[in-house]
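Please take these sequences and the hints and turn them into a complete structure.
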Amino acid sequence: MSDDTRTQVREFILMNFLDGGDDSQLKDDVSLERAHIVDSARALEMILFIEDTFGFEVDNEDATPENFDSVNAIVAYVERKKG
Numbered sequence: 001m002s003d004d005t006r007t008q009v010r011e012f013i014l015m016n017f018l019d020g021g022d023d024s025q026l027k028d029d030v031s032l033e034r035a036h037i038v039d040s041a042r043a044l045e046m047i048l049f050i051e052d053t054f055g056f057e058v059d060n061e062d063a064t065p066e067n068f069d070s071v072n073a074i075v076a077y078v079e080r081k082k083g
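For the sequence shown, the numbering used here gives the first residue as 1, with consecutive numbering after it.
By construction, these hints were calculated from the structure, which means they are not laboratory data.
Some clues are possibly wrong.
Ranges between beta-carbon positions, derived for each pair [said to hold, decoys possible]: (1) Ser24 - Asp59: 16 to 26 Å; (2) Asp29 - Lys81: 28 to 38 Å; (3) Ser24 - Glu61: 30 to 40 Å; (4) Asp22 - Asn72: 13 to 23 Å; (5) Thr7 - Ala35: 15 to 25 Å; (6) Glu61 - Asp23: 29 to 39 Å; (7) Leu48 - Glu79: 10 to 20 Å; (8) Leu48 - Thr7: 31 to 41 Å.
A virtual CB, placed ideally from N, CA and C, is assigned to each residue, including glycine.
This is the structure in structure tokens:
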């Protein structure tokens, strides 16, 4: 299941934040904020994508860099929430 989650997250970021860029532009362990891929407005887009795609609500206390600052962090968060 994690590979499917990872694929969906990567595709969303590539298509929406990197203009459909090459897959090699996005490293799973790189900070999306430090790489200037995600800012606060885009973080909200990411949260809405997570909620719509994976069918759960992201609580305010979960909307932290620890959960959303890299592809790896996002995938781990989604997998934890999905149980």
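Hints violated by the structure (numbers, ascending) = 1, 2, 8
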